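These protein sequences, in sequence, are chains D and P. Per our numbering: the first sequence = residues 1 to 414. Per our numbering: the second sequence = residues 1001 to 1128.
Please note: incorrect hints may appear among the correct ones.
Reference excerpt, derived from the structure (chain P facing chain D, CB under 8 Å, subset only) [unchecked claim]:
#1 Tyr1018
#2 Cys1035
#3 Gly1036
#4 Thr1061
#5 Lys1087
#6 Leu1103
#7 Cys1105
Distance condition first, Cα-Cα at most 30 Å in a straight line; then the derived DSS-like pairs of lysine-lysine [to be verified]:
#8 Lys1087(P) to Lys1049(P)
#9 Lys78(D) to Lys320(D)
#10 Lys408(D) to Lys1104(P)
#11 Lys1104(P) to Lys375(D)
#12 Lys313(D) to Lys16(D)
#13 Lys320(D) to Lys375(D)
Because the hints were derived from the structure by calculation, they are not lab data. Small disclaimer: the values here were computed from a predicted structure and weren't measured. Beta carbons: idealized from backbone N, C-alpha and C, even for Gly.
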Amino acid sequence: MHTAHFRPLDVEGIRKDFPIFATAPPLAFLDNAASTQTPRPVVDAMDAYYDTYRSNIHRGIYRISEEATEQYERAREKVAQLINAPRSRQIIFTRNTTESINLVAYSWGSTNIREGDEIILTVMEHHSNLVPWQLLAQRTGAVLRFLEITDEGLLDFAQLRDCLTEKTKLVAMGHVSNVLGTINPIQSVIDAAHAVGAKVVVDAAQSVPHFHVDVQQLDCDFLAFSGHKMCGPTGIGVLYGKIELLEEMPPFLGGGSMIRSVERDVSSYAELPAKFEAGTPSIAEAIGLGHAVDYITQANLAAIHVHEQELLKYAHQRLKEIEGITLYGPSAPHQKTGVISFNLEGVHPHDIAGILDTHGVAIRAGHHCAQPLMKRLDVIATARASFYLYNTVEDVDRLYEGLCRTQKLMTRGK
Amino acid sequence: MNIYQEELLDHYENPSNYGTLPDPDISHEEDNPLCGDQIRIDLLVEDDKIKEVRFCGHGCTISLAAASMLTERIEGKSLDEVKQLSKDDILDMIGIPLGPVRLKCALLALKVLKAGAYGITSWPGEDE
């Protein structure tokens, strides 16, 4: 994250690539932790597939099918480069982070987790990195253990050392909290887990879009993320895994493409990555994701991170001026990404989001698929604003003004 | 149109029939899993009429205002009459257009009422 040389973001130029911001006044889109907007080059790449070489991939013996296959596999290479995966066949295309994690829980979990084994999670996990492990624990009799957070919203790392024993088979952890924006010390977690022989699954849905993640440097065993949170389309996600693990794992879904040969009672399976990509995949979406990788790489991930940090600092400063506001998560911007969860005293988060919407500001309100964290924070829900490369200081100002109006409206005469 | 008109805010700030009954004939509580809003309704029934009603819980303006309005509407009414209340009746009371997510907020109180009093578990407006 400390890259010394990069061009600052040309935010004005970037915004021209997103037709959704062409309105006046422009939409202040601050729900990027849920899903980001899609730039024209990504949509154009998917259109080009549909308009000029639409066909199924892999076994087609004609020109446009060969081109579709080539573009689909090119996208895989781009994703591999983005996270510095050693080989592109370690990149499995899925629908999203949720499916990637379920793939690991079913396939790796079914052959590696037994009764009494322990799986370590944190209280701040998104449900997508919690429920698959609950289901695995129910199937196998494994035990889930949860790491707590400090009042500051940081991982209680000391507790990890106590929890890690020879019983620990897996640590599954979000790299960045989707609610608090907290950047977890994932490198130290991975090193500590490996010291007791446990594997580590990293939910990178909130990190890969926002700063450079290097799977070889981290030495993580599995890493999952979604295309739609990084300027790509919905319906395409990624699972990275270490080659020896992926090769040993049984298939997840059975069907076409994932086989080598099929007889009546038994089949042998294809090589990676096809073994885990049964059926016709999301071809246009994979191609779109490849172009989204190009887009954020050209903008420069280090520059994106710095831009978000600046917006975050400014937003912290403005929002703190509001009386009765509670901000959740770390107060030091360098400990988090561009995510701010908050509540206004006496105002339900849904009302905050509803009123902001009437002022052209889109934020999220609710439990953010992190109900155990809501309990830990002792709130029913929070409002959440989250930034990406196209957001501006003006977006933050409109959030601030909208919140002042919300408060005024909801506390009439008090 | 502002979705937060005066009447809704009045009900939200000073809800009618807020609280619980010491010895209710019917008491039912549910939450909206989408947003965590939670409403409980207590009823005292005499001669098949709703003699007294209270509600409590937490939620956004729309869900609490709708609950407050609903309790005003049903007090003194017969159980048969109350059973006929529909999604559209609630929307008429609220008086503002609602998107699909906020619609559930508005309908939560009626859902709780119908589940508690008649064992109807579906959302008002869906298959009843």
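Hint-by-hint comparison with the structure:
Against a cut-off of 8 Å between C-beta atoms, the interface hint on tyrosine 1018(P) is violated, since the closest Cβ of chain D lies about 16 Å away. The beta carbon of cysteine 1035(P) comes within 5 Å of a beta carbon in chain D, closer than 8 Å, and the hint placing it at the interface holds. A least Cβ separation of about 5 Å between glycine 1036(P) and chain D falls short of the 8 Å threshold, and the interface hint therefore holds. For threonine 1061(P), the shortest C-beta to C-beta distance to chain D is roughly 5 Å, which falls under 8 Å, so the interface hint holds.
For the restraint placing lysine 1087(P) at the interface with chain D, the shortest Cβ-Cβ distance is roughly 19 Å, beyond the 8 Å limit, so the hint is violated. For leucine 1103(P), the interface hint is violated, the least distance from its beta-carbon to any beta-carbon of chain D being 12 Å, above 8 Å. Proximity of cysteine 1105(P) to chain D holds as hinted, the smallest CB-CB distance being about 7 Å (cut-off 8 Å). A distance of roughly 21 Å separates the Cα atoms of lysine 1087(P) and lysine 1049(P); the hinted pair therefore holds under the 30 Å criterion.
As the CA atoms of lysine 78(D) and lysine 320(D) are separated by approximately 41 Å, the hinted pair breaks the 30 Å bound. The hinted pair formed by lysine 408(D) and lysine 1104(P) meets the criterion: a straight-line CA distance of about 26 Å does not exceed 30 Å. Simply put, lysine 1104(P) and lysine 375(D) have alpha-carbon atoms about 23 Å apart, close enough for the 30 Å limit, and the pair holds. Between lysine 313(D) and lysine 16(D) the alpha-carbon distance is near 25 Å, which keeps this suggested pair within the 30 Å criterion.
The straight-line distance between the Cα atoms of lysine 320(D) and lysine 375(D) is roughly 24 Å, inside the 30 Å bound, and the hint therefore holds.
The structure fails to meet hints 1, 5, 6 and 9 from the earlier list, while all remaining hints are met.
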